[in-house]
Each structure stands twice: as structure tokens, then as C-alpha cells.
Amino acid sequence: MKPPPFHYHAPTTLADALTVLGETGPHGKILAGGQSLIPLLNMRLAAPAHLIDINRLAELDRVDVDDGGVRVGALARHARVEADRSAAEAIPLLRQGLRLVAHPVIRNRGTTVGSLVHADPSAEMPAVLALLGGSLDLVSASGRRTVAAADLYVGPLESCLRADELAVCARFPRPAPGTGTAFVEIARRRGDYAVCGVAALVTLDDDLRVAAARAAYLSMAPVPHVLDLIEAVAGRPPDTADFAAAGRLARGRLDPEDDIHATAEYRAHLAEVLTARALREAAEAAVGALGASRPDPERAT
Amino acid sequence: MNEETHEIRLRVNGVPRAATVPARRLLSDCLRHDLGLTGTHVGCEHGVCGACTVLLDGRPVRSCLMFAVGADGHEVTTVEGLAAADGTPHPVQRAFRECHGLQCGFCTPGFLTVVAAFLEENPEPTEEQAREAIGGNLCRCTGYVNIVRAVLRAAELRRAAGRDPQAGDPAPRGPVRRQRP
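Here the protein sequences line up with chains A and B, keeping their order.
Using the UniProt record's numbering, count along the first sequence one by one with no gaps and you end on 301.
Using the UniProt record's numbering, count along the second sequence one by one with no gaps and you end on 181.
Note that these hints are calculated values from the structure, not bench results.
Careful: at least some of the hints might be erroneous.
[As the list claims (entries may be wrong)] When the alpha-carbon atoms are kept at most 20 Å apart in a straight line, the in silico SDA-like pairs for lysine to any residue are as follows:
no.: 1; chain 1: A; residue 1: Lys29; chain 2: B; residue 2: Arg24
no.: 2; chain 1: A; residue 1: Lys2; chain 2: B; residue 2: Asp34
no.: 3; chain 1: A; residue 1: Lys29; chain 2: B; residue 2: His46
no.: 4; chain 1: A; residue 1: Lys29; chain 2: A; residue 2: Ala49
no.: 5; chain 1: A; residue 1: Lys2; chain 2: B; residue 2: Asp57
no.: 6; chain 1: A; residue 1: Lys2; chain 2: B; residue 2: Thr38
no.: 7; chain 1: A; residue 1: Lys2; chain 2: B; residue 2: Asp86
no.: 8; chain 1: A; residue 1: Lys2; chain 2: B; residue 2: Glu4
no.: 9; chain 1: A; residue 1: Lys2; chain 2: B; residue 2: Gly36
no.: 10; chain 1: A; residue 1: Lys2; chain 2: B; residue 2: Pro22
no.: 11; chain 1: A; residue 1: Lys2; chain 2: B; residue 2: Arg32
no.: 12; chain 1: A; residue 1: Lys2; chain 2: B; residue 2: Glu3
no.: 13; chain 1: A; residue 1: Lys29; chain 2: A; residue 2: Tyr8
no.: 14; chain 1: A; residue 1: Lys2; chain 2: B; residue 2: Gly43
no.: 15; chain 1: A; residue 1: Lys29; chain 2: A; residue 2: Asp61
no.: 16; chain 1: A; residue 1: Lys29; chain 2: B; residue 2: Glu4
no.: 17; chain 1: A; residue 1: Lys29; chain 2: A; residue 2: Ala212
no.: 18; chain 1: A; residue 1: Lys2; chain 2: B; residue 2: His46
no.: 19; chain 1: A; residue 1: Lys2; chain 2: B; residue 2: Leu37
no.: 20; chain 1: A; residue 1: Lys29; chain 2: A; residue 2: His50
no.: 21; chain 1: A; residue 1: Lys2; chain 2: B; residue 2: Thr5
[Unchecked claim] Computed from the model, here is a short list of chain A residues facing chain B with C-beta under 8 Å:
no.: 22; residue: Met1
no.: 23; residue: Lys2
no.: 24; residue: Thr12
no.: 25; residue: Gly34
no.: 26; residue: Pro39
no.: 27; residue: Asn42
no.: 28; residue: Arg44
no.: 29; residue: Ile106
no.: 30; residue: Arg109
no.: 31; residue: Cys160
no.: 32; residue: Ala176
no.: 33; residue: Ile186
no.: 34; residue: Tyr193
no.: 35; residue: Thr263
Cβ atoms here follow ideal geometry from the backbone N, Cα and C, with glycine treated the same way.
Pulled out of the complex, with its shape left as it was, chain A reads as follows:
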């Protein structure tokens, strides 16, 4: 239960980090918060020859909010992103998801971008990025590219990052006006990986009718799985929309697997119930968001 030996690199500039990463290639691994990597090392499930510690790259410890959305730097800890008021106002789903990431003590150290590239199919933040249609900025010694969440995940614990690339920033786009979100999950104990988790997004049009309804699933597929469920609830006002039907629709489109925590059948059941619950909560949040952003016509004179 001790990590295997490795060569330790502690670059103080991004350029140096990229140089080392380019040189070590597949034998190098980035260390940011370490809350997933160090357990893997302690259990000897991973044994990279080189660790490149980016904790001295203060330039990556940032959270920026603008009209486009929220940009989270590679060294921003979950706890910092969770506590950022302007980020939570711009995209409430960030805080809704972050509150479910492990325990507060883990969130003090673990980074949001680290969680995104770790690509655990049971992790919350990849589902958030996927649901919002966000992206990751990747840099290497030879260039820079932006990869959409939909193209980022290849399989369980596997992303499309090349060995010489460092994810420097995640971009979470601001949802359309009139959008509400919710994140619900069932875990055996608080803070554990969810047996099933659902992040949901509902957008209402100017007549307060459902114009968009999507959900992203964790622990239900090898990668974060996003379903468009609008056909079950399109054009309905939120109080009469049949979110239970959307839940049944989702269940039919998901194909979870058995594991030691739950049977596929139980997971599918949870997905149906949690989809309805998350969409309903998201719709209520959308009504609230619209109510806050425009005057009440009943009271207007």
C-alpha cells in the first residue's frame, strides 16, 4: 500500500511542464490534486515512471466567469469551484454536481479538470461537462486544441488525450436563458460513487413550455451518456409535462451492466425514477430562473 518509485518533476512554468511531458511521453503522468491518482499508486494499480507535479503552476489555479460561461483552470480544486459564487450563479449545475463529488476533504485537494480527464464513468463532473456541451483545452509542446466533451471520452478511465497533452482548462458554457438544472444520485453512503446518477437540464420557452429536456447519466455506461428526452415532454408546461414518461423513455435507451453494487435491472429502475425526479426539479428551477429574470405580469401595472 505504498506507491512504487517514480521520478518526480516539479516544473514552475507551463512550458517546462509541457517539455517534460513531451519527453516522458507514455511513461509520464500529471499530478494535480492526486485524489484519484495517488490511490491508484498506493494500490499499485498504476506505476508511471515519471510524475509531473503541476501544483506550482499558479497560473492554472483560476476560475473565470464571463458571458460565455465558466472556465476552470487545471489547478482549481473542486472546493474552490464549488465556493465560487459567480460560477454558481452563471451555471448552478456546477455546484449541484460538485456537492456530490466524494467528501468535502477530498474536494479540498482534488481538481475539477483532473476529474474530467480521469474519465471515471461514475464521476459527476464529466456528466456535467457532457450535459452542458462543454469542452477541454489541451496543450502540448507542439500545439493547442479544444476537444468537445462528446469527443473526449473513449471508454472507462480513458480519454482521447495524447500522452504529451496537458488539459489546462475546462469550458462550461452558460445554458440558454430559461434553463433550470438538477443533479440527483443514489449512492450506498453519502460521498460514495453513485449506483446511478442523473444530471438534468430543462429549458422553457417564453410561453413557459418545455423547449429542451436532456439528461446525462453516470454509472450507466462506459462514458458519460447524454440523452435527449424532449419528445416525451415537448411543448408542455412544466406542471403537466409527463416527466415519468421521459423516465421510461430514458430507461429504454440505457443498457447498464451488473456489478457488485447493483444489478442492471436495479440500475435501469433507478435511471427511470431519477430521470423523472431530476427533470421535474430542473423544470422547477427553470420556472424560478425565469421568475427571477423578468417582472411578474400579474403585478405589472
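Once you have looked at the hints, place chain B on chain A.
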């Protein structure tokens, strides 16, 4: 393999310390073996049990999920650093003693550090918040009821000390509500 070592300097419980460690030395092992501070307990070594929790620059972290080299230049507080310089126990330590918040004591250093930091951020927690704050720490003896009680009692002791350092202890709380299943 002759392992490469690194010189690190950090402040532990207010005292400047130095150590020479291989990069793979966990902070938990550095504290216990290199610095002789065995108050930090090591349970699972993969971040699940919480026994090894220490404060890094005032915030609780798992010392088994950090390398000692990563603590270079930082401030670490272990359970040994909670009591006042004259040995007066921290309000959290007093509350755990008073409420019988420990039995075998193995998990206790992790609880004490987590709760001490939690009460700095939230001096008047509800029972639900207290329960969430300790959600990442495992205790195999107590069943948590007295630990939750100790968190709330520690909050009372802190508040009393804040109002008037000379004041006597407020009356202990009655039994708290039953634990959520």
C-alpha cells in the same frame, strides 16, 4: 534502486521542520516516520477512512493522498497541534472527551482535525451539517451518535470561549435526535 531524495521544508504545528524524503513518501508517513509525529493515524491508505486527515494551510486533506514533497513550503497542522501551547485541549478535544465521542481512538485524530476546521467555517452547524462534515471519516466503534453530539458540543464550547474566555462551560446538551438511517 537507489532512490533519488528531495529536501523539504515545512511548518508543522507552527514549528519549522525539514526532512529528506524520496518523492514517493506519503505525507502521512513523513509525519509519522521522518518527523516522529505519530498522532496522525494511517488506516486504509487510499483515502477512504479519513484517519490520516491533517490540515494543510488550514484546510483538511488526506495525508495519505499527498506526497511529502507536495507539502514543501506549506503549513501542516496535525492532531498534536490542536491543543493550546500550555496543553489546554482544543474545544473539539474537550467535546469528544465530554460526549464520549471515541472508544478505541484510532479514527479520532482524523475526526478532530476535520471538525476543528469545519467549525472555523461553520461555527453554528445544524445536526445535519455536522453529520455531513464527518461523512468522510469512518469510525468502527461508536456508531457516530456521540461523535455528532461532540461536534455540536464543540461548537457550543467555541462560542462560549468566544463570548467570554473566562466564562464557565455552558450546560451540556441533551440527547440529540436519532441518527438518519
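Tell me the hint numbers this structure goes against, listed in increasing order. 5, 7, 17, 24, 28, 31, 32, 33, 34, 35
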